[in-house]
Amino acid sequence: MNALLEVQGLVKRFGGVTAVDDCSFAVEAGSITGLIGPNGSGKTTVFNLVTGYLPADRGQILFDGRPVRRPDPTRLARRGLIRTFQQARVFAQLTVLENLVLASPQTWWQAGKPRVGAAERTRGEELLAEFNLAGHANIVAAELSFGQRKLLEFAATLMSRPSLVLLDEPTAGVNPVLIETIESHIRRLHDEGLTFLVVEHDMPLVMRLCDPVIVLDRGCKIAEGPAAQVQRDPLVLDAYLGS
Amino acid sequence: MHVFIQACILGLLTGGVYALMASGLALGFGVMRVINVAQGALIILGAYLSYTLYSSLGIDPFIGLLVLTPAMFVLGVVLQIVFLRPLREEEREELSILVTWAIALGIEGILSIAYQTTYRSTITSYADRSWTVLGYYISVARTYAFVASIVVLVLLFAILRFTKLGRAVRATVQNPTAARLLGVETRLVSALGFGLSVATASAAGAVYGIVFPFNPGSHYDLISRLLTIIVLGGLGSLGGAVIAALGMGLAESLFSAEFSPTWASFTFFVVLIVMLVLRPQGLFGARVRGAI
Amino acid sequence: MQNLFIFTLMFAALGSAWNIIGGYSGYISLGHAAFFGVGAYAIGITFTHVSIGSGYRPFYVLPLVGFGVALVAVPIGWVAFRTRAATFAIVTITLLFVVQQLAYNLRSITGGSQGISLPPPSFPVATFEEPFFYAMLGVLALSMLASWWIRGSKLGLALLSIRDDEDRARGLGVQTGFAKMVAFALSSGLVAMAGGVWGYYIGFIYPQFAVDPLVTIGMVLMVYLGGKGTLWGPVLGAFILVPAQQYLAYRLGASNLYLVGYAAVFLVVMLLLPRGILPSIAERARRLRTRRLPPDPGRGPQAKEVVAS
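Protein chains in written order, with my numbering: chain A, 1 to 243; chain B, 1 to 292; chain C, 1 to 309.
Simulated from the structure, these hints should not be mistaken for lab results. Just so you know, these numbers come straight off a predicted model, no measurement behind them. There's no promise every hint is true.
Which chain A residues stay away from chain C? Per the calculated CB distances, all over 12 Å, these [unchecked claim]:
1. Val11
2. Gly135
3. Arg188
4. Arg218
Listed next, the stretches of chain C that the computed footprint assigns to chain A, with coverage defined by at least 3 CB atoms under 8 Å from CB atoms of chain A [claimed, not checked]:
5. 153 to 164
6. 178 to 191
Beta carbons are placed, not taken as given, at the ideal position from N, Cα and C, and that holds for glycine.
Let the sequences and hints guide you as you build the complete structure.
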C-alpha cells in the first residue's frame, strides 16, 4: 500500500498560537481515512495547509509520491486533490449544472466556448442523477436547501475525477437521512477507487466508515490506527475528556 | 554624510506623522475587516477643521486636537452606524469599498465647496523656525508634529491594551466568532472601533496640516501612500504599520536628498510594487484568513 | 445635442467595459480612468510625436491603442491581483494617481500641465460631430459585444465563480488568475479606446481632465445604478445619469457639487438599491412568477471563512 498523501513535520503558527505543531501522517491510497480530534486540535488548519490555502511555516507535503512545492489550491486540484468546506459552499449565483461544469478541468483555449458544452451537460446530468439532484440542473444554486448544497458541493468535487477528496465535516448540520445518503455515496465512490480523508465530529459515523483513523490534539498526531483501537486509546480519551 | 543624516532626521520626523495616519487605517481594517477607502479624506477633513480652528479662532492645532478628536470619534461612530452597519453580511465586503469611497468623495466635495481647491497649510507662528543641533536643522513644526504623533499613538496603544473597549477591539480583531461567544458586543465594538480609527485620522490630519500643504484632492495621494505603508507593514498589524511608516519616511527623504525631490513620492509606488510582487502579506502581517 | 449623445455613449461604453472586470468578477477597480487617460494621451502623442495627420486617421489608430493598452494592463493586473477586494480597490486608486503624476511629470512626452493640443480635424462644419458619434458608438458596440460574449462563455462562468467564492473556485481547479487577467486587459483596452475618441473629440488633453477620478466615479456609479453584472445595466445607467448630470451642470454650474452629488447618489444606491435597477426589476418579476423556497438556515455569515476557529 502506498501513501497517496504524506504530511511531514507541518508547523503553522498564528501570532503566538501554534495551531499545527510538527504534524506528520500519511493517507493510504484507496482508504477512507478519518481525521478527528477535539476542538482546536488543528484539523481544519491542516486541511488548509495541505490544500494550499495557507502557507506552512515548516514541513513538507507529498502527493502521490511527489513533493508539493508551495501548495496552491488550483495546481493541487489539477493534480487530483480536491476538498470540500464545512459550510457547503456553492456558487450561489450560478445554476446547479454550471456549478458542476465549472469544476471540470478546463484549458485556456476553451475560455471562449459556451458555458455548458454538450458533453459536459451529459456528464453533469449523470452526476446529478446519482446524487438525487436530477431535475434541478437549471435552478440557481442559491435556491437549494442546505442539504442539497452539501450534495452539490460533493458532486462538484467529482467532476474532475480526482484521486483524493478531502471532506471537511461532510455531515455537519445535516439531518440523519442525508447523513446516510452521504455515507453511502462515500462508500460507493470508495469502492470505485477514490481515496478519502474525512474530518468529522460524528463519532459513530467515523467508527463505521473510516479505517484508519488519525487523531490530532493541539496540532500534532497522538494516535493512529483502526477505529476500534483508537477509540480505546487512553491518550485519545484523555485528549477529548481532558480538554 | 551630513546630507545623509539631515535626510534621516527629516525622514524620521515625517515617518512619525505617516505612522499616525497609517495606524487609523490598520485599526479600521482590524476591527471592521474593511479597508476604509475614506481614511485619506478623513485625515484631510481633520486637517481642514484644525486649520479653521486656527485661522478663525486662533486655537493652536495641538490644542485644537483635544476638541477635534472626540468630535471626530463621534462622527466615525455615526458613519459606521448609518452607512456600514445596514449593509448585509454577504455583500458587506464589496459594498463597504464603494460606500467608504462614496464617503471619501462626499467629504472631498463638501470641502471643495467650503474651502475651494487652493492649497492650505496651518501656518503657525513656529512654522518656519528650526533648531540647530550639532549643525543639523531640526524643524520645530515637524518635531512638534512627531511628538504629537507619538503621544497619540502611545495613547492609542494604551487604550487598546488597558481599557475594556480596547480589549474588546483586540478580541474582535483576532477572532470575531470567539469574541462574540465571549459576550463581546461585536456590533457595538465595530462602531466604536471605527470611531477610534476616525479619531486617529483627525489627529493625524491636524498634525499633517502643519507640516504639509493640502487641498481637498490630496486624499488620493494620501491613501496611496498609506496603502504602501499598510502593505509593507502587513495588514492588521498595528505595530507593523508604525515600523513601515517610519521606514517609508526615511526612504522617501533619502531618495529626495540623493536623487530627485520631484520623483520622491515615487519611492512609495516602487516599494508597493516590490512588496506586492515579492511578499503581499507584508513584513509583519500574520496571514490571517489567507487574504490581504 | 450631439454632444450629449456622444458623452452618453461614452459613459455607456466605459460602464460596459468596467462591468467586464468589476461587475462579473467582483474586483472593483476604482482607478479605471487611468486607462482612459492613457488612451487619450496615446492619441495625443500620435499627433504630436508621430504626426499621424488629421481627419479619419486617428480613428484607425484606435484599435492599436486599445490593443496596446490591453497588453500593458497585463503586468499591471498581475501585480494588482496579488491583492483581494478592498486592497485591490485602493491599488487601482493608486494606479490612477500614479498615471496622473506621470502625466504631469513626463513633460517631454505629455506636455506636463500644459497638456497636448490636437488640431481640429477638417470635418465639414454641418456634420462635424458625426464621425465622433459613430466612433463612440463603435466603441460602445465593441464593449457590449465583448460583454455579451464573455457572459455566455466559460470565461464568464469563471469570472462569476470568482465573484461568488474565489477561494472555492481555486480549490476546484478554475484558472482564476487567467480569467481575471483577460477580463482586466479587455476592459482596460476598451476604456482606452473610449479615451482616445474623447481626446480627439475634445481637442486638448490635460492631466487633470484626462486622468480624472470623476470619470471612474461616473462609470462605476452608472454600472451600479443600472445593474452591475448585467448586459444592459451600464447602458441604462449611462442614459439616466449623463443627461441628468448635464442638466444639473447647466442649472447649477458649480462643478464641486458634482462630487457631492455623485457621492449622495452612490450612497443612496448602495443602501437602497444595491443590485441596481435591472436586477431589482428582474427579481421582482421572478418573485411574482414563482413561489420562493423558504429562506435557507444553512446560509450563514461564516460562508467566506477559510480558517475556522
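Okay, the hints, checked on the actual structure:
1. Val11: 16 Å, holds
2. Gly135: For glycine 135/A, whose nearest Cβ neighbour in chain C is about 14 Å away, the distance exceeds 12 Å, so it holds.
3. Arg188: 21 Å, holds
4. Arg218: 15 Å, holds
5. 153 to 164: It holds: at least three residues are needed, and the segment 153 to 164 of chain C offers 10 whose Cβ sits within less than 8 Å of chain A.
6. 178 to 191: It holds: at least three residues are needed, and the segment 178 to 191 of chain C offers 3 whose Cβ sits within less than 8 Å of chain A.
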